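K.L.:
Each chain, written out:
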Amino acid sequence: MAFLFGMIFGTALNAQNETPSIKGVVHNEFGKPLAGVMINSEKGKDHAFTDEKGEYSIVVNDGSNCLVFSFTGYVNKKVSVGEINHIDVNLKSDVSNPDEVIQLGYSSQSRDELTGSVSTVSGDELEKSPVSNLSMTFDGRLPGLFTQETSSELSRANTNLYVRGQAEQPLVVIDGIPTSYNTNETLDYISPNEIQSITLLKDAATEALYGIQGSNGVLVITTKRGQTGKLKVNARVDESVQQVTTKPTFINSAEYATLRNEAAENDGLGQNYFYSNQQIAAFKSGTNPTLYPNTNWYNLFMKPAAQMQRVDVNMNGGTDQVKYFTDINVMNQGSQFKTDNPGYNSNEHFTWANFRSNVDAKINSYLSGHLDLTGNVKNERTPGNLDFSQTIYQNIFLIPSAVYGPVTPSYIDPTTKQQTGDQVISTNLADSPYGMLNRSGYTNDVVTNIYAHFGLDLDMSFLTKGLKASGTVAYQTNTIDFLYNKQDYERVVRTNAPDTLAFTQKGGDTNTPLSYSKSSSYYYYLSYNAIVSYDRNFGLSHVSGMGYTYYQKLQSSATTSPGLIPYTRLHTGLEASYDYNKKYILRFDMGYSGSDSYAPGNRFTTTPAISAGWVASRESFLKDINWLNNLKLRASYGKTANDQGVNRFAYLDNDTWNGGGPIGSLQYTVNEGQIGNPNIKPEISTKQNYGIDLGFFNQLSVGLDVFRERCDNMLINATGDIPTFQGVPLSNYPTINGGIVENMGYDFTANYTKAITKDLTVFVGGFLSYAKNWVIYSAEPLKSSDYAYRKWTEGFSVGQQFGYLVDYSKGGNGFFNSQSDITNSKLSYAFGTPRVGDLKYKDVNHDGVIDQRDEVPLGTGSMPRYYYGISGGLSYKSFDLSFLFQGIGEYKTVESGWGIYGTDYDGIFGSLLENAYTPTRFANGEKITAPALSLTTTTNQQPSDYYLYNRAYLRLKNLEIGYTLPNKVAKAISANKIRFTLSAQNLVTWDKMKSNDYGPEGGYGTIPVYRVYNVGLSLLF
Amino acid sequence: MKKYNIFLFLSIVASVFFISCSNELNLQSDGRIDITTVFTDRYETMGYLNSCYGYLPGPYIDRASYCDEAEDCDDNIPGARSDWYNGTTTALTYASDSQDGSPWTGLYEGIRKCNVFLANIWTSTAYATNEEKEGWAAQAHTLRALYYLQLIKRYGAVPLIDKPLPINYDYSKSTKSKFSTVVTFILADCDSALTAPATQNGFPWGIYNNQFGIMSRAIPYAIKSEAVTYAASPLWADGTYSWADAMAINKDALYQCLSNDYSLFNVQPINHAAQNAYALYFITSSNDQRSVDKETIYQGGGQMAIWQYAGMPTNLGMNKSGPNPTQDLVDSYEMANGQVPISGYSDADHLQPIINPASGYDPNNPYANRDPRFYASVYYNGALRNLNPGTAGMQFTATAPFYGIEALCPDWGNNIGNLTFTLYKWNTNYATSVAGTPIGQQTFVNFKDESQLGLSFSTPLPAGTYVWELSNATQVVGVWEWTDGTSTAVSYNTGVQLTNGNYRSQIAYAPNNYTSLVSGCSSQTPVQITPGRTVQSYVGGADGISATDRTHTRTGYYVAKFNNYQSGQSNSADGAIRVFRLAELYLNFAESAYQAGGPDVEVSLGSGMTMSARDAVDAIRERAGMPDLPSGMSQADFEVRYRNERRVELAFESQRFFDVRRWKILSQTDQFVTGMQITANGSNYTYTRFRFPNRNDSSDKWLLYPLDQSEVNIMQGYTGVNWQNPGW
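In order, the protein sequence lines correspond to chains A and B. Taking our numbering as reference, the numbering of the first sequence is continuous, increasing by one, and the terminal residue is 1021. Taking our numbering as reference, the numbering of the second sequence is continuous, increasing by one, and the terminal residue is 728.
Treat the hints as calculated values from the structure; they're not laboratory data. Computed from a predicted model, the values in this text were never measured in an experiment. Fair warning: there could be bad hints in the mix.
Claimed, not checked - With a cut-off of at most 16 Å between alpha-carbon atoms, the simulated EDC-like pairs for lysine to aspartate or glutamate come out as follows:
#1 A:Lys53 to A:Asp759
#2 A:Lys877 to A:Asp759
#3 B:Lys320 to A:Asp431
#4 A:Lys783 to B:Asp708
Claimed, not checked - Distance ranges between label pairs, derived from CB positions:
#5 A:Thr391 to B:Ser667: 42 to 50 Å
#6 B:Thr525 to A:Asp499: 37 to 45 Å
#7 A:Leu429 to B:Gln566: 25 to 33 Å
#8 A:Asp481 to B:Lys173: 53 to 61 Å
#9 B:Thr525 to A:Thr656: 53 to 61 Å
#10 A:Thr929 to B:Thr181: 52 to 60 Å
#11 A:Asn732 to B:Thr181: 28 to 36 Å
#12 B:Tyr345 to A:Lys417: 52 to 60 Å
#13 A:Leu483 to B:Thr525: 40 to 48 Å
#14 B:Lys173 to A:Asp847: 25 to 33 Å
#15 B:Gly382 to A:Asp481: 53 to 61 Å
Note that the Cβ used here is the ideal one computed from N, Cα and C, for glycine as well.
Based on the provided sequences and hints, a complete structural model is requested.
P.N.:
This is the structure:
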């Protein structure tokens, strides 16, 4: 290693240019200079880029006769060099991007040679989103990728990624190295500023190579690398304000008391069961807030907004010998909570810093190398326990506004002369967020993540032209150090005497001093990758091939067996492609991969795929059609595999023998665990993809990919058809490869860009993805014939919910409106007795009993069927504007629980419950938005279409307005470019939710999605 | 040529790399054992037997809330209790709503363990004597019988599995065996266990060191007794087991236990540890040597925290009041004279009791003179919370006639409660002295700091030895103690003699001329006198009834059984429920004997021991301190008294829930329950009975647990037969 460094710096210092350089300017059709155009020598060894004025300078000393100019959105242009040393070039735009190089992880391909199905996005595009987590920037930008924000905590959001439907969590390949452990977190260690491009691999042709890790899709992340030329410094400063997009309706104490009384009255407990009319009047008047408070717990603990600051500085430059890209990114996240402990600060606070240094060095004419170093330090402080924020947030809603709080009044004890009181008030059923925020202490954790990547590339053209070999070693180590400084506190509950403010202690907790403790977690992996590739043109024929071997040893952060046993994977793969005149393309891919998860006989899995493409627009009979600049057909067919979701060492029995056990004198105990299935194999999905790409007038590109996937050996567990009376716990019963599931859909994309004048360019584009899966076989037992639906899984989408239909027949309002209504219906409910104002369910099987047998499929399963993104914008002189709309469609789920039923804890009332059914409200013909309230579980608390919420939405995801200061202003501070941006994330959401208590993601008590307003300044030197 | 050599070299390097990495994929040993070799090793075999234990669903106080013993404090909160009362529990939610979840799966796991053990133990090559193997097999047989008994008392007919099933077993021929068939199997398992030698290494009567919880010889007898009593009961009687069959098994079980050192616990509590022997039993843990508790056959239940989860709001750190005893249960306790206080109700709502005038029951003082088990089981308004309130006493000798005597009390803060000062003549020892008639007594209300509490007499008392006592504190108050007193006086703290000091006290030999009885002190310390508190469950009382607050009672009562009054945040001293105890064997015998012959028919148990049904019930009553039942009752009259006796004796022990089911009286007993609202007018109380809303958990479907719906669906698929219990 030291030797290599020596060589890098040695050659860097000795870099000298002897050959005269070629210079020139690159323009577009309107004569506008283009910055960032890449200029390559034909033989591919010399590179240069244009600057802000479109000027370039390149030295060609690899003997090439031509220069190739390439730029995203434009057709490549090849120019002969000869003896000329000044070449000006005009590039012709083409929104189809035929010459774009698509990164496929282990290899790359130009777009017009592509036979598989991929989506791409550039880092510049992701930078528009002022959010801290990389995975939050993907929404609406990658056709075929559905993202679901499962937790929205500031700067610690978790986003699940699904490729073409159900397949969760694609394999992430970062600069050629697969990352499959803690991928969500690993993604968040990267900032968009470091990213050159992201490619999503979606079909067998592109995934097969990844073997048992390929089936869930592959996200290929390519980071930025140094470019030959002068040092360029790019600095960016962002200041963001974050606020929640939704907040549950506040129910004031008078209303709360009324609703509780109403619930008790519905239950037959009489009027004013909890509160007298005088008490309610006292709540309403607010004149005695001590005895009759109206506590807005949300406002007590939540600020209107939080703030985040980010600074990013990156530098890039280099010579032919050494090129470098370095980036440093620092983020500071404030909290949305309010804390008031005078002794210590327990409020949330996160500081993240990450850096990257990618260095490429050319050691000699056939050997080059690279060393990439990435590091992250995250310093986080959270109140109480780690991951407490969600709990704190949800507990805000567990305590009614009629409860005095947050602490008991403090006073000086006349005897002891000590300050007393100030105890945390909770209810008998719920803990107050106050204690969690201010009396639980805090946790500091520091995450240190180091990712190092070292590789050598050997040009073996001395053996045969076009042969290359490369080897890479990658290492990631991640340490989290937790320092807990915690304490406990006494909780009190107000006595049920309404006329005095008195409290009794709740539970056995007492005030304790802060005490320190510590723990840590650690993981690492070490990967080796070797690739041999071959690429050569024979006349009009182009042949390329690649083979790789990859070995990874991973130590997870698990501290118990079998998770603590290092994971090992060994993959190999082959790829061969042939094309004739870029017209007919044929390609073969095969993965041969194995892991220690499988028995020796089943350890390795072969995943072959074949694909072909036909660029019809290059055929002579289409070549002369002016308006059609691209027509290409693609097809792929092959197998991919997945090794996730299976227990560790599922092929082995797991029985152990320990000391101890119930009877002391027997001394030992045998613990029988999982029963092994030696035949367990990875799940294999057979995937087909058919695509068509069209380009018109060089301005409009349209693509459609249709896919169908089938897994015939899906893992299923014993819960389906093994009765428990056989005595082996079902969780120990062997998993088998027995299920069948299918998935199909399409991705449609369209992009239009037009430069209208020299100064005005407009673009608009978007995608629509559709995916629908259904379970064909899952060993589901057939229910008896009196069930309306005898199967609840097979034949339905994964995660299909079942429930009752509300009976609106004969002009009914869906409720029982009187006792005689109930009697006349002649229905008996298996889960209780309906009251007046309860939901009337449809007796689907006509047996007079409402029970499970009447349940019908509700909603659309666990995944939305449609998701889409629409983006667009324009640039006019110094201004630019872009927008991104994003949404999902055909997604309905049955809601339950907090805020919906109104019975949890001391009554959690969502806004719909304000107009719950009462006989009076019905008689007056008033609006009714919920069944009759109750204190306990009612017959309404069953899944039914009454609570079927449409979770489809359309969101203005991102809006950015930029203004670039005039050049002379920039020059005044020696900058090349100064740009201001105003941007916003999640600005507006249009949804069809039945109430505004929460948005289409999450639920009543989950931290909602945040809206972000951002002001940014970027400087280029 | 050279090129090809390089290719060849590269391929060889690649293959070697691949092969060596490929070997890396094998799992190195991580401590797994092979189940097929367990029975070749002595300790692994013992370990396997040990793993057969632990599948018994533990009995728990909360089951009382699921029958007429209690109304739960969570009846208004959505969840298990209210679902149950509302009848919203379904086969899908039963597991989360019922007291012990759905024990089906767990019990069958235990049964499989026993099956595996029994299938392998006789072919085992592990080192063990034949006696040991017989003993181990006996434990496995007993456990299997115990698990099947738990299954059938909950689910009725169940599949009878007596050997381990292979992974690919064909379930299409599986059937459920009816209750009596399983009982036959249980009896056979117990008999197999009892063939093992009754030696320490075999299957002994005794429980030895480090064997707490082990299956011992009394357990199969108890299992047989309960199984056959259930099988002869109305819900399950199908002609297979008559009451005579049941009596034959029950008398043998009782006889075997009585002849092998089992007897009803009758240890009288010392130092006010509990109300009586019956109460003490339930806060005494059964131990592995059986040195004190000779009644428990199998404890099974874990130690509970009654004070916390079925406690009173005045107990710091309590969580909820849990199951609140109902008025119906309170009514079932007889008077101490053996008379039934309430013979029934004149109204459908059970608000108008029919009072037995001969009993002496006073509806305006309803808790006086009841069965001692009432005081041990239920906390009622006015019940003592602290059985051992503190006292300070001092024995002194007056050398001459005296005019006054005083004790000195320190500063405990302002206006600190009340204390009673009493003077007695000394008689033999402290306890008998203070049990005598007071010579003088005065209660000091809100006495001041540094007070001198005492009595003065216009006519002097004669010289002699006396004792004064401070008692009935209403708050924590006390008296000064001098550390190095040299006087001849002797001081007592709550009856216990002080060793290195005496209370500050003074005597007046002339009117108003006090001299200290204790001399020569440099430092003094205050000694606390702890108050004797009573339960205040009247409306507005500290433990007052509330319809909404789960820390307060719903019914006016709290559970006292299993509760040690000294339990609290820093002292967990509550008891555990016994799965089998000798009293149940007496009762099982009595039930089968009166059903088979009649209440007074003498039955020979064996070797000269005879007993009638009434004798067996009386044995239970005697321990409780209750008079015998009258002889000559009809079978029907005796049944009423017997069922009441069983209800009272086994209250809160998870028995009533199953008894009302097997007697098929659930629809009569569990329609609704009542409570007592008590209002205070000064020191008088008004007692008003009230009823709770109807419960929807008493129809016939509630006689049995439902099977898990998933199990029903699976078996429907295999057999085409609906395995679900009726109504679910």
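K.L.:
For the range 37 to 45 Å, tell me whether the beta carbons of Thr525 (chain B) and Asp499 (chain A) fit it or not.
P.N.:
41 Å, holds
K.L.:
Next pair to validate is Lys877 (chain A) with Asp759 (chain A); report whether the Cα-Cα distance is within 16 Å.
P.N.:
5 Å, holds
K.L.:
That 52 to 60 Å hint for Thr929 (chain A) and Thr181 (chain B) (C-beta), does it hold up?
P.N.:
For Thr181 (chain B) against Thr929 (chain A), whose Cβ atoms are near 55 Å apart, the range 52 to 60 Å holds.
K.L.:
Return holds or violated for the Cβ distance of Lys173 (chain B) and Asp847 (chain A) against the range 25 to 33 Å.
P.N.:
For Lys173 (chain B) and Asp847 (chain A) the Cβ distance comes to about 29 Å; the hint holds.
K.L.:
Do Tyr345 (chain B) and Lys417 (chain A) keep their Cβ atoms within the hinted range of 52 to 60 Å?
P.N.:
Once the Cβ atoms are compared, 59 Å apart, the range 52 to 60 Å for Lys417 (chain A) and Tyr345 (chain B) holds.
K.L.:
Take a look at whether the Cβ-Cβ distance between Thr525 (chain B) and Thr656 (chain A) falls inside 53 to 61 Å.
P.N.:
Since the Cβ atoms of Thr525 (chain B) and Thr656 (chain A) sit about 57 Å apart, the hinted range of 53 to 61 Å holds.
K.L.:
Please verify whether Lys320 (chain B) and Asp431 (chain A) have alpha carbons no more than 16 Å apart.
P.N.:
Satisfied, since the Cα-Cα distance of roughly 15 Å is no more than 16 Å.
K.L.:
Are the Cα atoms of Lys783 (chain A) and Asp708 (chain B) separated by 16 Å or less?
P.N.:
14 Å, holds
K.L.:
Return holds or violated for the Cβ distance of Leu483 (chain A) and Thr525 (chain B) against the range 40 to 48 Å.
P.N.:
Distance hint for Leu483 (chain A), Thr525 (chain B) holds at roughly 44 Å.
K.L.:
Given a hint of 53 to 61 Å, does the C-beta separation of Asp481 (chain A) and Lys173 (chain B) actually sit inside it?
P.N.:
Because 59 Å falls inside the window, the suggested range holds.
K.L.:
Under the criterion that the straight-line Cα-Cα distance not exceed 16 Å, is the pair Lys53 (chain A), Asp759 (chain A) satisfied?
P.N.:
15 Å, holds
K.L.:
Taking 42 to 50 Å as the hint, is the beta-carbon distance of Thr391 (chain A) and Ser667 (chain B) inside that range?
P.N.:
45 Å Cβ-Cβ, so the 42 to 50 Å window holds.
Checked against the numbered hints listed earlier, the structure breaks none of them; every hint is satisfied.
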